[in-house]
Amino acid sequence: MGTARQIARRHKEAIALGNDPKAERDNYRAMPTLSEFFHQTYVPFIKRHKKSWDKDVQRFTQYIEPRLGKIRYCDLRAREIQQVLFDMLEGRIHGQQYAPSTCNRALAILKTMGRYALRQDVLEKNEADKIPLLKENNQRTRFFDADEIRRILDAAARYPNKAAGGLIAMLLLTGTRKSEMLNVMHKHIDRDNRSLFIPYTKNGRSRTVYLSDVALSIIDSIPRAGSNPYLFAVKDNGKPISEPRWAYEKILAECGIDKSEVCFHTTRHSVASLLVSSGQYSLYDVKAQLAHASIQSTERYAKLTPERMRQTGQGVTDLLLPPVAASKEQ
1 MGTARQIARR HKEAIALGND PKAERDNYRA MPTLSEFFHQ TYVPFIKRHK KSWDKDVQRF
61 TQYIEPRLGK IRYCDLRARE IQQVLFDMLE GRIHGQQYAP STCNRALAIL KTMGRYALRQ
121 DVLEKNEADK IPLLKENNQR TRFFDADEIR RILDAAARYP NKAAGGLIAM LLLTGTRKSE
181 MLNVMHKHID RDNRSLFIPY TKNGRSRTVY LSDVALSIID SIPRAGSNPY LFAVKDNGKP
241 ISEPRWAYEK ILAECGIDKS EVCFHTTRHS VASLLVSSGQ YSLYDVKAQL AHASIQSTER
301 YAKLTPERMR QTGQGVTDLL LPPVAASKEQ
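Sequence positions in the sequence shown follow the UniProt record's numbering and run 1 to 330.
Some hints here could point you the wrong way.
Quick list of the computed label-pair ranges, beta carbon to beta carbon [claimed, not checked]: (1) Gln280 - Ser217: 20 to 28 Å; (2) Asp192 - Lys235: 25 to 33 Å; (3) Gln62 - Ser260: 19 to 27 Å; (4) Lys125 - Tyr281: 15 to 23 Å; (5) Ser195 - Lys235: 25 to 33 Å.
DSS-like mimics (lysine-lysine), calculated; alpha carbons at most 27 Å apart, straight line [said to hold, decoys possible]: (6) Lys111 - Lys130; (7) Lys135 - Lys51; (8) Lys162 - Lys178; (9) Lys178 - Lys287; (10) Lys250 - Lys178; (11) Lys47 - Lys178; (12) Lys250 - Lys51.
Hints were generated in silico from the structure; no laboratory data involved.
Note that the coordinates shown come from a computational prediction; the quantities given were computed from them, not determined experimentally.
Beta carbons are placed, not taken as given, at the ideal position from N, Cα and C, and that holds for glycine.
Working from the sequences, and respecting the hints, build out all of it.
Right, here's the structure in full:
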C-alpha cells in the first residue's frame with residue numbers, strides 16, 4: 001500500500017509540474033528501437049540522397065545491429081556505442097579485428113542517423129556525436145611487384161569461375177577500384193575504341209578507361225549470364241557477383257602471397273606503384289589512369305631510388321649539352 005501511495009504522490013507531483021506521466025509512457029512505448037528507426041525511417045531517406053546507401057545497410061547489419069539493434073533509440077548511450085567500437089578493434093565481433101577506418105565508418109552511420117533523428121524530433125540528443133573518430137593509419141606499404149602481378153594474372157586466368165578470375169585480373173590491368181569494376185555492364189564496353197566507360201566513381205564523376213589487348217581478351221573470356229547486363233556475373237538475376245574474396249585468397253595462396261599483408265585495394269596501389277617506378281610515365285599520367293582527385297594522392301607512390309636520382313641528374317646534362325659534349329663528359 002505504501003508503494004502505491006508513493007506512486008500516486010509522484011503522479012500528482014508530475015501533473016502539478018505540467019507533466020503527463022501517461023503521455024510520457026505512451027511516448028516511450030512508441031519510441032522505435034535502433035533497428036526499427038534505421039530500417040523503417042532512415043534507410044528510405046538515404047535511398048533518395050546517397051548513392052552508396054547499400055553500404056550503410058551492410059555496415060549497420062554487420063557491426064551495429066547485433067549489439068545495439070533492440071535498444072530503444074532514446075535509451076542508447078555513448079558508452080554502449082563506444083563498447084561496440086572497442087569490440088571491433090579487439091576482435092570480439094565476428095572473431096575479426098577491424099581497422100580504425102572500418103570502425104569509423106560504423107560510427108559515422110550512427111552520427112549521421114542521430115542528426116537526422118534530431119531533425120525529425122525523435123531524439124533530444126545525439127549520443128554518437130559524443131564519440132570522436134579514431135585516428136586512421138591504413139596506408140599499406142605492401143605492393144605486388146611485377147613478377148607477383150604476372151603470377152596472379154596467370155592464376156586468375158586459370159581460375160574456374162571466369163567472372164571472379166576475370167575481375168581480379170582486370171583490377172591489376174587497369175588500376176580501377178573494385179566497386180567501379182564490379183558495376184561494369186556489357187553496354188559500357190566499346191571494342192571499337194578499346195575502352196571501358198565507368199559511369200560512377202568514388203569522386204562522383206564518370207570516366208573512360210582504355211584497354212589493352214590482354215584486357216579485351218579477358219573480357220571476351222567471361223561467359224554471359226543469360227540476360228544479366230553485368231559483365232562480372234554468373235547468374236541471370238540482374239546483379240553482378242559479390243566481392244570474390246574467397247577466389248582472391250585462393251589465387252594469392254597459389255602464388256605464395258600472404259593474404260594478411262594485402263587486400264583487394266592492393267591491386268590498385270600496385271598498378272600505381274608499377275607505373276610510377278618504371279619511370280616511363282609522369283605522375284599526371286598515373287593520376288589520369290587511376291582517376292585520383294588530386295596529384296597529392298599520386299605523389300605517395302613516387303619513391304626516388306638512388307638509381308632513379310642518378311638518371312635524373314644525368315638527364316639535366318643530356319638536356320643541356322649536345323650529344324657529343326655529353327658523351328665526352330661521361
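Hint check results:
Taking the beta carbon of each, Gln280 and Ser217 are about 23 Å apart, inside 20 to 28 Å as hinted. Restraint check, Asp192 to Lys235: a C-beta distance of roughly 29 Å satisfies the suggested window 25 to 33 Å. A beta carbon spacing of about 20 Å between Gln62 and Ser260 agrees with the range 19 to 27 Å that was offered as a hint. Under the hint 15 to 23 Å, the C-beta atoms of Lys125 and Tyr281, about 52 Å apart, miss the expected range.
About 27 Å separates the C-beta atoms of Ser195 and Lys235, a value consistent with the hinted range of 25 to 33 Å. At roughly 9 Å between alpha-carbon atoms, Lys111 and Lys130 fall within 27 Å of each other, so this suggested pair holds. For the hint pairing Lys135 with Lys51, the CA-to-CA distance comes to about 26 Å; that is within 27 Å, so the pair holds. Of the pairs offered as hints, the one joining Lys162 and Lys178 holds, with about 16 Å between alpha carbons and a cut-off of 27 Å not exceeded.
A hinted pair counts as satisfied when its Cα atoms are at most 27 Å apart, and Lys178 with Lys287 qualifies at roughly 17 Å. At roughly 18 Å between alpha-carbon atoms, Lys250 and Lys178 fall within 27 Å of each other, so this suggested pair holds. Using a Cα cut-off of 27 Å, the hinted pair Lys47 and Lys178 holds, with the two alpha carbons roughly 22 Å apart. For the hint pairing Lys250 with Lys51, the CA-to-CA distance comes to about 31 Å; that exceeds 27 Å, so the pair is violated.
Hint violations for this structure: numbers 4 and 12, all remaining hints satisfied.
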